[in-house]
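Participant: For reference, the chains in residue letters:
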Amino acid sequence: AQSVAQPEDQVNVAEGNPLTVKCTYSVSGNPYLFWYVQYPNRGLQFLLKYITGDNLVKGSYGFEAEFNKSQTSFHLKKPSALVSDSALYFCAVRDARTGNTPLVFGKGTRLSVIA
Amino acid sequence: GAVVSQHPSWVICKSGTSVKIECRSLDFQATTMFWYRQFPKQSLMLMATSNEGSKATYEQGVEKDKFLINHASLTLSTLTVTSAHPEDSSFYICSANPNTEAFFGQGTRLTVV
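These protein sequences, in sequence, are chains A and B. Read in order, the letters of the first sequence correspond to residues 1 to 115 in my numbering. Read in order, the letters of the second sequence correspond to residues 1 to 113 in my numbering.
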């Protein structure tokens with residue numbers, strides 16, 4: 001079975017400071033990993049993904065994430081946070097072997113960037 | 001990226017009536033779409049997998065007679081909440097996987113009064 005853990009319900013960071021949103025996963029085979037962002041009353045927007053290759057993945061809006069196989073982690077990072085980054089962030093996983101199947105999501109982490 | 005369009009964005013209906021939510025893939029064909037429900041401040045809960053030309057697959061605990069899913073074409077899946085009650089009030093989101101990642105509709109806020 002696949003699962004995702006986002007250990008923090010809420011992350012607060014000052015504008016201009018670096019931010020990290022944590023994610024660990026569990027999957028039987030090789031993972032496909034994703035980060036999505038959700039603004040109030042909106043669907044999820046794709047930020048970035050890890051499929052294969054470089055462990056450091058760069059995505060939209062200056063976000064990046066690092067795949068760490070030994071720690072089964074895929075933490076989301078940004079060097080300098082903006083107030084507009086305040087939103088709900090979801091980490092998701094899918095087993096690379098399972099084809100067109102739904103993603104398994106973490107519970108979400110609310111990021112609050114304070115001016 | 002691929003575009004998934006969901007309509008309506010919000011709807012208010014009276015108890016006992018039915019509401020239809022549409023999910024369209026605008027620039028790709030989707031043989032499979034997924035319907036989620038999201039409660040306030042919670043993650044997405046997969047309700048069902050919509051399959052073009054065949055019956056939907058429902059997750060455990062989801063009433064198939066209450067949440068009717070139809071996938072009539074390669075670009076359209078619909079979710080109908082039948083005989084809606086206030087406890088059905090929620091945020092409903094559809095998605096499809098044209099590539100490795102999923103793309104989501106804008107979501108529908110359903111309020112049953």
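Hints are not guaranteed to be accurate.
[Unchecked claim] Derived PhoX-like pairs (lysine-lysine); straight-line CA-CA distance at most 25 Å:
{"no.": "1", "chain 1": "A", "residue 1": "K77", "chain 2": "B", "residue 2": "K41"}
{"no.": "2", "chain 1": "A", "residue 1": "K107", "chain 2": "B", "residue 2": "K41"}
{"no.": "3", "chain 1": "A", "residue 1": "K77", "chain 2": "A", "residue 2": "K22"}
{"no.": "4", "chain 1": "B", "residue 1": "K41", "chain 2": "A", "residue 2": "K49"}
{"no.": "5", "chain 1": "B", "residue 1": "K14", "chain 2": "A", "residue 2": "K22"}
Treat the hints as calculated values from the structure; they're not laboratory data.
Participant: Is K14 (chain B) close enough to K22 (chain A), meaning Cα to Cα at most 25 Å?
Facilitator: Distance of about 41 Å is beyond 25 Å: violated.
Participant: Hinted pair, alpha-carbon criterion (25 Å max): K77 (chain A), K22 (chain A). Please report holds or violated.
Facilitator: Cα-Cα ~9 Å, so holds.
Participant: Between K77 (chain A) and K41 (chain B), does the CA-CA distance stay at or below 25 Å?
Facilitator: Given that 25 Å is the threshold and the Cα spacing comes to 22 Å, the pair holds.
Participant: Hinted pair, alpha-carbon criterion (25 Å max): K107 (chain A), K41 (chain B). Please report holds or violated.
Facilitator: 9 Å, holds
Participant: Is the Cα-Cα distance between K41 (chain B) and K49 (chain A) 25 Å or less?
Facilitator: 24 Å, holds
Of the numbered hints given earlier, the model fails hint 5 alone.
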